[in-house]
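Read top to bottom, the protein sequences are chains X and W. In case it helps, this note's numbering puts the first sequence at residues 1 to 421. In case it helps, this note's numbering puts the second sequence at residues 1 to 137.
It should be emphasised that the hints constitute simulated quantities derived from the structure, not laboratory data. C-beta: ideal position from N, C-alpha, C; glycine also. Among these hints, one or two may not hold up.
[As the list claims (entries may be wrong)] Simulated crosslink set (DSS-like; lysine-lysine; CA at most 30 angstroms straight-line):
hint, chain 1, residue 1, chain 2, residue 2
1, W, LYS53, X, LYS165
2, X, LYS285, W, LYS26
3, X, LYS193, X, LYS30
4, W, LYS26, W, LYS79
5, X, LYS221, W, LYS130
6, W, LYS19, W, LYS119
7, W, LYS111, X, LYS228
8, W, LYS12, X, LYS221
9, X, LYS193, X, LYS165
10, X, LYS30, X, LYS6
11, X, LYS285, W, LYS19
12, W, LYS105, W, LYS55
13, X, LYS165, W, LYS119
14, W, LYS53, X, LYS285
15, X, LYS51, X, LYS38
16, W, LYS111, W, LYS57
17, X, LYS203, X, LYS25
18, W, LYS105, X, LYS203
19, X, LYS165, W, LYS111
20, X, LYS228, W, LYS105
21, W, LYS79, X, LYS285
22, X, LYS285, X, LYS209
23, W, LYS111, X, LYS285
24, W, LYS26, X, LYS38
25, X, LYS285, W, LYS24
26, W, LYS111, X, LYS341
27, W, LYS119, X, LYS279
28, X, LYS165, W, LYS55
[Said to hold, decoys possible] Facing chain W, from chain X, some residues (calculated, C-beta under 8 angstroms):
hint, residue
29, GLU130
30, VAL132
31, VAL147
32, TRP235
33, LEU287
[Said to hold, decoys possible] For each label pair, taking beta carbons as the anchor points, the in silico distance ranges come out as:
hint, chain 1, residue 1, chain 2, residue 2, range
34, W, GLY113, X, LYS6, 40 to 48 angstroms
35, W, GLY75, X, ASP222, 28 to 36 angstroms
36, X, GLY8, W, ILE40, 49 to 57 angstroms
37, W, ASN80, X, ASP226, 45 to 53 angstroms
38, X, PRO336, W, ASN80, 33 to 41 angstroms
39, X, ASP222, W, MET114, 27 to 35 angstroms
40, X, PRO394, W, LYS105, 39 to 47 angstroms
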Amino acid sequence: MKRRRKLGRGVAVVGVGMTPFNVYKDKDSKDLFVEAFKEMLVSVDKGVDPKDIDALYLGNFTSDFFVHQGHWGPIISDILGLSPIPATRTEGACASSALAFREGVFAVASGFYDIVLVGGVEEMSKRTTEEVAEGLGLALAPYEMQVGFTFPAVFGALATAYFAKYGASREHLMNVTIKSHNNAPLNPRAQFKLTIADLMNQKRENAKKKGEPLPTWKDEKDFLRDPKANPPVAWPMNLYDCCPISDGASCALLVAEDIARDFTDDPLYVVGLGQGSGKGLHAAKDLTCFEATRNAAQEAYGMSGLKPEDIQFAEVHDCFSIAEIIHMEDLGFFKPGEAYKAVENGLTRLDGPIPINTSGGLKCKGHPVGATGVAQLEELWEQLRGKAGKRQIPNKNLRIGGAHNLGGTGGTCTFTILERR
Amino acid sequence: MENRAFSDVSYKQFLNEDKLMGCKCKGCGALYLPPRPICIECYSSDMEWVEMKGKGKLAAFTAIYVGPPSMVAEGFNRKNPYCVGVVEFEEGVKIDARIEGLDTKNPETIKVGMPLTAKFLHRTEGENMKTFLAFEA
Numbered sequence: 001m002k003r004r005r006k007l008g009r010g011v012a013v014v015g016v017g018m019t020p021f022n023v024y025k026d027k028d029s030k031d032l033f034v035e036a037f038k039e040m041l042v043s044v045d046k047g048v049d050p051k052d053i054d055a056l057y058l059g060n061f062t063s064d065f066f067v068h069q070g071h072w073g074p075i076i077s078d079i080l081g082l083s084p085i086p087a088t089r090t091e092g093a094c095a096s097s098a099l100a101f102r103e104g105v106f107a108v109a110s111g112f113y114d115i116v117l118v119g120g121v122e123e124m125s126k127r128t129t130e131e132v133a134e135g136l137g138l139a140l141a142p143y144e145m146q147v148g149f150t151f152p153a154v155f156g157a158l159a160t161a162y163f164a165k166y167g168a169s170r171e172h173l174m175n176v177t178i179k180s181h182n183n184a185p186l187n188p189r190a191q192f193k194l195t196i197a198d199l200m201n202q203k204r205e206n207a208k209k210k211g212e213p214l215p216t217w218k219d220e221k222d223f224l225r226d227p228k229a230n231p232p233v234a235w236p237m238n239l240y241d242c243c244p245i246s247d248g249a250s251c252a253l254l255v256a257e258d259i260a261r262d263f264t265d266d267p268l269y270v271v272g273l274g275q276g277s278g279k280g281l282h283a284a285k286d287l288t289c290f291e292a293t294r295n296a297a298q299e300a301y302g303m304s305g306l307k308p309e310d311i312q313f314a315e316v317h318d319c320f321s322i323a324e325i326i327h328m329e330d331l332g333f334f335k336p337g338e339a340y341k342a343v344e345n346g347l348t349r350l351d352g353p354i355p356i357n358t359s360g361g362l363k364c365k366g367h368p369v370g371a372t373g374v375a376q377l378e379e380l381w382e383q384l385r386g387k388a389g390k391r392q393i394p395n396k397n398l399r400i401g402g403a404h405n406l407g408g409t410g411g412t413c414t415f416t417i418l419e420r421r
Numbered sequence: 001m002e003n004r005a006f007s008d009v010s011y012k013q014f015l016n017e018d019k020l021m022g023c024k025c026k027g028c029g030a031l032y033l034p035p036r037p038i039c040i041e042c043y044s045s046d047m048e049w050v051e052m053k054g055k056g057k058l059a060a061f062t063a064i065y066v067g068p069p070s071m072v073a074e075g076f077n078r079k080n081p082y083c084v085g086v087v088e089f090e091e092g093v094k095i096d097a098r099i100e101g102l103d104t105k106n107p108e109t110i111k112v113g114m115p116l117t118a119k120f121l122h123r124t125e126g127e128n129m130k131t132f133l134a135f136e137a
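Extracted from the complex, chain X is given alone in its bound form (with noise of 0.2 angstroms):
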């Protein structure tokens, strides 16, 4: 019998930065974080002494690979003033930033430390496509990389079972990618900022311009059946369904729970906090759902004592189209089955009744791995205190959301919950 789980004193968030995420040639990861630092150290409404900071935990995932660069935990700390305090770089794959920041809690709910810095970086640009594919493949499981799986192609042959089992299609997911799009334009920190309808107009555009034949898309969706305008990549993962390579860096600043007002009059705190880890896909026993986010979904509703209705918008780890509807069902937003008829029916839009991926998500906010489980919170720390301008969701009494990180193929996934009171 598991206990309940809680926190050894409260814990909470008084400031959180990020750089736009981008392709960035002119900077490396030590410029990113130092950008997302400053912007942290202005959103502290009372402000914060750099030097009374205790300790950094940064998520990385892959710089031994992208950037050869294996031990950014003192590199970063050194460059934001910060040494000679402990510095500590945590690895979940693509969702390492979440537990840096759950590192973070853990050492302040301690009591050990009272003022923690956690965050993420990633710079992947300055690879080939190619080079990526294989330095993000290090998180497949062995089975999967021996016979060529590559991450489009795991959740491409998740999306396979979900169909076959559920009775889904790609129409359906063309719904997840559409609603992605049109919350972009709205966030000035996305990397693609056009609607799939802008990028329609775009493309006409530039075939008048050219003398081209016009193309003849009657709609959004027919645009993402067209192979040419939105190839394959790993059926039936097309380009549209995939995110993009990014770089960038995120960050937030937590304290104890008793000392948050010295900080602002506004904090946010963390209320539920879950880890779960999982199998390869062979091991898997339902390849339509993540065992590791259903643990974390558990172990934080756990904590809270809150049930998945009480989420009044999230974050979720789109990955991939695919990625979004499978993670919906593991939180309990919908049961299984029915979290791509929700999408259709718009009840993941902005303005519905559980936004999802107000951001953009992964998929067009961008996705530099190391820094998304930060930027995540970010995006919450934004609407809960109504910050987020022109994606702002309309619901006037924002006040409990959620974000769900994940690694590798489900290998280790997160679930945070904020609550603003």
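Since chain X is already given, all that's left is putting chain W on it; use the hints.
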């Protein structure tokens, strides 16, 4: 063969010998493929080798148009996609494998649930033989 460790190394050696070998827990009867050193149901380490019959059905699949460098070197690309998937054996366990003999350019014709038979693809890498598990319809 009874003396081989229940490990990936042994699993790959058996593949080189055209044998698909899993292991069974003598304590509780749980079956594992690839083999595991300890039973994750009852924690017994008393295992025995079991040869799989090689018959199964497709549980999930994909046709890959953009592959890793190793597959590109084998001649696979956007014009020549390859199929990989998860196959569920009659014995109940599943495995990741390549799937051959399917119309990968028209993946909508490939169906979850279709029956498949295991085969062994041998490759020479330097002095070493490497075997890939594959299936065909």
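Enumerate the violated hints, using their earlier numbering and listing them in ascending order. 4, 5, 8, 9, 10, 21, 22, 24, 30, 36, 37
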